[in-house]
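As given, the protein sequences belong to chains A and B, one line each in that order. According to the numbering used here, the first sequence is numbered sequentially starting from 881. According to the numbering used here, the second sequence is numbered sequentially starting from 286.
Read the hints as simulated data drawn from the structure, not as lab findings. Each hint can be trusted.
What follows is a set of in silico ranges between Cβ atoms, one per label pair, in the way DEER data are often shown:
{"#": "1", "chain 1": "A", "residue 1": "P1300", "chain 2": "B", "residue 2": "S430", "range": "22 to 30 Å"}
{"#": "2", "chain 1": "B", "residue 1": "D307", "chain 2": "A", "residue 2": "S1289", "range": "28 to 36 Å"}
{"#": "3", "chain 1": "A", "residue 1": "T1218", "chain 2": "B", "residue 2": "V354", "range": "29 to 37 Å"}
{"#": "4", "chain 1": "A", "residue 1": "V1212", "chain 2": "B", "residue 2": "R427", "range": "37 to 45 Å"}
{"#": "5", "chain 1": "A", "residue 1": "T1218", "chain 2": "B", "residue 2": "T313", "range": "50 to 58 Å"}
{"#": "6", "chain 1": "A", "residue 1": "A1219", "chain 2": "B", "residue 2": "S309", "range": "48 to 56 Å"}
{"#": "7", "chain 1": "B", "residue 1": "P401", "chain 2": "A", "residue 2": "V1174", "range": "54 to 62 Å"}
{"#": "8", "chain 1": "B", "residue 1": "S298", "chain 2": "A", "residue 2": "R1214", "range": "21 to 29 Å"}
The structure displayed is predicted, hence computed values, not measured ones. Even for Gly, the Cβ is constructed at its ideal location relative to N, Cα and C.
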Amino acid sequence: MIGQNTSARRMRTVLFVLALSVSTHAQAPTEFRWGGDAEGGAPFVEADPSDPTRVVGFEVDIAQMLADGLGRVPRFVQVGFTSLDAAAARGDFDLGLSGIEDGPARRSRLAVTVPYYQFREVLTVRDADAGRFRTLGDLRGRRVATLGATLAYDLLVDAQTRLGVVPVTYEDDVHPYTDLALGRVDAVLLDYVLAQRGVRRNPGITNQSTDVGVGYYVGITAPSQTALRDRMNEILLRAMADGRLEGIFRRWNMWNDDQPRLYATLTSGQRVEAESVASAAPPATTWEAAVRYVPALLRAAAITLVLSCFSMALAVVVGIVIASGRVYGSPVVRTALTAWVELIRGTPLLLQLFVLYFGLAALVQLPAFLAALIGLGLNYAAYESEIYRGALEAVPVGQLDAARTLGFSERQTLVLVRGPQAFRLALAPMTNDFVALLKDSSLVSMITVVELTKQTSIFAANIGSWVLPGVMCAAMYLALSLPLARVARRLERRWKK
Amino acid sequence: MRSVLEVSGLTISRGARTLVEDVSFAVTEGEILALMGASGSGKTTVLRAIAGLDPIDGGRIAIAGVSIVPGRTPRGQTRSDLYRRVGMVFQFHHLFEHLTVLHNVWLAPVHVQGQPRAEAERRALELLDHLGIAARADALPRELSGGEAQRVAIARALAVGPQVLLMDEPTASLDPARRGDLAVTLRQLAAEGRTLVIASHDEEFVRACSQRVVVMERGRA
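Let the hints inform the model, and build the full structure from the sequences given.
See the structure below:
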């Protein structure tokens, strides 16, 4: 009787939720949800400087035009640039527009609109290098920056094997140019729209006139939305013919001779194909892609491991110094160290990494790996120091008295009596922290270090699925962390015998 | 006989509370002196002051040429001079939990006195043998009984060769049979020329081993 009641109630709840979801779906067509990344900035999409709740940019104007054509009201959905494909595939929005580049891999897994803008990939270098770095071929062994998951990135990966350039990926399109001006990279490869903006904002750098490649901006939708895509294509082609797109691009100072040629080709019913780069071509099977990515993932796992080990070593050394200072130091030293620990523990690691790498760049230009090592090491040192302080204070004070009456100095007591016992107490939480650090090291991809998680997301973006890359990445993290936990357990057992 | 340890007018307070007031006594070489009194009478406080663990507020302590005066606990040269002359066995032994019995005993001779490790180990083993616990040399402190731990603590204190050995409540962790053994051991140490100061409230034990008794009551002798 009670069981029947419960199941009846459950059924009513399910029906209610279903009704609710059906009703929201029924309302959806009045809205035209379009996704983009406002961090990309002008002229694409950016927060309106006079009203940050609104967005402005040529993509905003195109979205408005499409919404008008469909008889709907546009609504902007913020999605990080590198997540746009996955969000489109999930159906998080009706259309993605954010300087998204056409390409065979993208076409193979999403429904893609006709191209609405043609761009050229250009190389940007420092003024002094303008004479010697004209093409990618001149940049053997040099660091060339770009934005991840773009045609430029594929071109660079291709040039890595063919020409020996060293690609450096960024999560945004602003820092490649500031780092170029600072000398951290030797060139930037990105599309002309971004390059022009980069040169305008950073004195001392210049765009080369030779094109490295040609690409097109397209809109993306979920693969099932071909009917909606076809309607949007009709609207775009009409806007190419009647000059509305020209009006938009002229308003944003982006109109040039490439566009009329592109529009003429498209409106006459011909297709254009994006430049195909060998590595960007969709692989025949997911397994083939997996095999192709294994060496890169292993390399990235090695970077994760080396970075984590060095960072942990730094954290242990600095942690011991801080803990000793807090236990043995004068009141001034103790207060200063407590404040430092609270500052580090109370602010996000990501912020600390940004400050170290980008914030301090005007004073010291730390290489990315070193900045990552120092950032992770100092952050974890704060946590380690608390563990050590607690462990030092847990050693019975009677043993310290005994050591004193035997004639040991304070330092000898720390090294011979207090330290070794504190270390045993600290071992379990330390192992825990090392495993946490191993995983937190994925944050350093934000300062251009390509470690395991970053390499996995590049892999996932390339094949358009997170399933296999996710499983492989998880297996590698486990392969790194499990042996460590075993060693720690064995040590603990030995000391407890 | 020359006195090895002289305590005169010793006063110790913590905040507004006076723990020990105007206590004086002297101990000669090879003598066993017992400080007797109920819990809280100040016995342990006096021993800790002689061992240089807590500062004193008045009076003076002289141990074979080293003086402890009011102010901070001994530092630098005075501190190392003090610990060549005085050793202490604590009520709860305070053995170094991470080291074996033998290692507990040779640690200070090697690191404080700079003895070669092999020689220090040999002498530590002799001491343990002398105290009848050489068989437990490889055990860890947590594996020992109260009586065994106490003998290790005595061996550890004696290993650095102090003239004066301070013992706080030595019978606290012993059964009656072991108390008799300990009294014998202490008399033997005194016979070898060591000076012992024992804080205890165990009258029977004190009668069995000590030559002289100083009774303490509420901080006064």
